[in-house]
Structures are given as C-alpha cells and as structure tokens.
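Trainee: Chains as they are written, first to last, in my numbering: chain F, 22 to 149; chain H, 493 to 635.
Keep in mind the hints are simulated off the structure, nothing from the lab. Every residue gets a Cβ at the ideal spot worked out from N, C-alpha and C, and that includes glycine. Take every hint as true, because none was put in to throw you off.
Straight-line distance between alpha carbons at most 30 Å, and here's what the computed DSSO-like set of lysine-lysine pairs gives:
#1 H:K535 - F:K107
#2 F:K139 - H:K503
#3 F:K107 - H:K570
#4 H:K535 - H:K506
#5 F:K139 - H:K621
#6 F:K107 - H:K582
#7 H:K571 - F:K107
Computed list of chain H residues with no C-beta within reach of chain F, every gap over 10 Å:
#8 S505
#9 A511
#10 Q513
#11 Y516
#12 F522
#13 L532
#14 K535
#15 N560
#16 K561
#17 K570
#18 E575
#19 E599
#20 P604
#21 N615
#22 K617
Here are the chains, one letter per residue:
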Amino acid sequence: MTSQIAIKMRWHKDRKIKDGQLRHSADSITWKTLDSKYPSFVADPRNVRLGLASDGFNPFGIMSPSNSIWSVVLVPYNLPPWMCMKDPFFMMSLLIPSLTTPRNDTDVYLQPSIEELKELWGERCSDI
Amino acid sequence: MDTNSVNKEDKFSKLFFIAKQEPYHGCEDFSKLSFTVQLLNIKCLFGLSGKAIDTLLSLLAKAFPQGNKVPISYYEAKKFIHELGLDYVKIDACLNDCILYQGDYLESTSCPTCTTSRYKDPNKKLPHKVLRYFPLASRLQRL
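Excised from the complex, chain H in its bound form (with noise of 0.2 Å):
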C-alpha cells in the first residue's frame, strides 16, 4: 500500500470518527457535524453574521447538557468542518490581471510583465487581488 492510500485512509477513519461524535450526550437526532453543517447553512442563507453565530454558540454551549461537545466559537466550527476537505485554494494575482503567482512566480513581489507590486503593503504582504480556486477532482468524487 503507498503512503498516499494510508493518507487517504487515515483521512477517512478521522471522518468516520467526527461524524460519530454527538453534539451532547444522549442526543439521538443529531451528530456533531450535522450540526455543525446545518448551523452554518443557515448562516449562509440568512447572512448571519459571524459574530451572531459566536454569540448563538456560546448560548447553546451553555444551555446543552454539561459537558456537551457543541463547537464553542464560529472559527471552532469552521477548522471542525475543515476536515470534510472541500476547501479552496487562495492564489495571489498581478493587480492588471497579467499573471497569477503561482508555479514559477510563487515568490515574486512583483509583476514581471507590468512590473506592478504583488503587495498593498509589501511589510504586511497584504496582496493586490487574490484568486479563490476550488479543486476539482474531490467535488467529483463527492457528488
């Protein structure tokens, strides 16, 4: 078996594991990341804000059975969903749309068609424009 497989494997196991767990013990109708999916489906519907849903957790952190594994903020609940792996990829972009740095211009600061900086602020590396890229192949295997 390569180390890719296993990686994938491990992956898996860990999914299998979070999607187990439950929101408080004794609850029957959810698990932790149906929960956690569906808190945040509603904050995408009605656009919530995230402070609204940090407030909100914190409620029902309180209001669960003690010892409840409800995630305790939006950034908890965010790195928990995280593991289901359809995330995006950020690629910084030449302001004029000249190139993306990327491959061979990973690590340039500076446009080498437009000679336009990559930086806002180069001492805080805040970029230009940035490209959201959401991979492909995985969306496929999870349709």
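Chain F extracted, bound-state conformation (with noise of 0.2 Å):
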C-alpha cells in the first residue's frame, strides 16, 4: 500500500465531519452494529472493511448471450466516498460462466473468496 492510500484507507475512522448525516457507509447503522460486535477488530484504525457486488456482463457483445460471465467485485469501504466507488479502488474477485443468474449457487462460487476472508480475518497486512 502506498503511504498516501494507506492514510486514506483509515478515513472511516478519521474523517472530520461527523453529524449523524449519512455520507458514507462508516455512518450507517450496519457499520455501527459491527463496532459493537467486534470491539477488537474495530480498535486499529487500519481495518479493512469490504463491500461485495456482482452483475452479469456479456465478454463478446450484445449479439452473443451464449457466453455470458457474472463478475464479483469487492469495494474498499475505507476509503472516502469519492475514492471508494472509482475503478481504480475496486477489486475484481471471480469471474462466473453463468448463462443465467447464479442464484443460490452464487455461493458455491463464493467459497474460494470466502476462505480467503477467513483467513484473513484478524491479520495484520505484513503478516500476510
């Protein structure tokens, strides 16, 4: 991590304004109900918290539903509003051959990523 991202990786914790308005995930009632949850986790600054999105993308055009690949990608929610949402920050996790939705069986797809997590819950980044 460069030194200029890693002071902005800890902005959930150190931003300035803090008046109950929602402007970015660190104030919404989810994140507040982890804090509590895991007091520990919660007292490094350097925490990392990760938001997952997935939709379906066709790699060859419009014309060809026959190869149809769902993508999951993770999101740093550290970062401040107007970095976490720009592509460069995103985090491509899987590609799924799907012609449909997967569903359900999104998570039989996830397990990779999820074993990943785990393991890296409760590490530090130099540890890794």
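With the hints as a guide, bring both chains together as one complex.
Mentor: Structure follows, in structure tokens:
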C-alpha cells in the first residue's frame, strides 16, 4: 500500500464531519452494529471493510448470449466516498461463467473468496 | 528469517531488477516494464487481437536499436508481466453449479451430487466450466 492510500484507508475513522448525516457507509447502522460486535477489530483504525457487488456481463457483445459471465467485485469501504466508488480501487474477485443468474449457486462460487477472507480475518497486512 | 520472507525478498529483488531493465540501450523515458505494461493497456483499451500485438512487437523489435530487449511476442510480454504477481487461479466447476473441483474434489472427474462429468471431453481434459479466482491479499497489499 502506498503511503497516501494507507492514510486514506483510515479515512473512515479519521473523517472530520460526524454529524449523524448519512454521507458514507461508515455512518450507517450496519457499520455501527459491526463496531459494537467486534470491538477488538474496530480498535485498530487500519481494519479493512469490503463491500461485495456482482453483476452479469457479456464479454463478446450483446449479440452473443451464449457467453455470459458474472463478475464479483470487492470495494474497500474504508476509503472516502470520492475514492471508494472509483474503478482504480475496485478489486475483481471472481469471474463466474453462467448463462443466467447463478442465484443461490453463487455461494458455491464464493467459496474460495470466503476462505481467503476467513484467513485474512484478524491478520495484519504485514503478516500475509 | 523463515523461508517465506526469504522468498518474498527474492521476488522483490527480481521485480526490482526487471523494473530497471531498459527496452533498448540509452532509453530514458521507459523501462522495459513500463513499456510492456502500457502496451498491454492499449491492447485492452482498444481490444486489439493477440496477433496484432505479435506483429506490432516484431516490427518494434526490428525498428528499435540493435540489442533491444523488447518482448518478441504477446506471449513473451504476458510471461514478463506475470512476474508482477497479480494473476488469477483457475478452478474447474460443475456444469450444474453443484461444486468446485478444489480441496477434496481436486482430482474428481465427475460431480458427487449430480454425477455430471467434469470434462467436455475426458480424453482432452477440457472442463465444462472454469471459475476464475483473483486472490485478494496481494491486491490489498498493492493498493
């Protein structure tokens, strides 16, 4: 991590305005619930929280529905709102080959991702 | 020092070495690494074919001064970039999305739930479905 981005990754803790308005995921109830559930995780401002999003796309144009792919993208929510939703910070995690929505079968494909996240839980960046 | 950190250091010095190489002697604006990365970026941006890059690279290799280190083909360029370490893992999957062929099922040739074959053609070992998994840890480190 570069020094500038390392500072920005602590933005969710260091941000100046905390007036109860919903400006970032860090103002949300879910975020605060997680805070109260895992105080040891929250104690270090360098904790990393990721959002997961998925959508289907067609690698060979709209005319070829026989090749549909579902991508899973991880978004680092630590970053300020003007950075975390920009493409340089998106991390593609999976490419799932599927003609239609994988629906509940998505969890089969998420296995490797979940396994790694479990491994990373409680580790420091330098320990990896 | 454990073997892991020795490996890391090895990898780093290797990266440092390839980052310093120049595409031809006396080139000041580019390293071989930045040249290759930018070329492959252009390929992705405009959807150039692998063959187009092959041809372009062979032309550049001839046009640049003698003894240049321009990758001679698209394959060579990809192999060179591979050293950066941000690659992905291919995992075979069941045709009906039942399981991934990893862990206990790594060597299985048919799905234990729906008994569908893993391969389109068992002789050629051509899998029905391939999941591409991009490991997260290295991406977080490189942020």
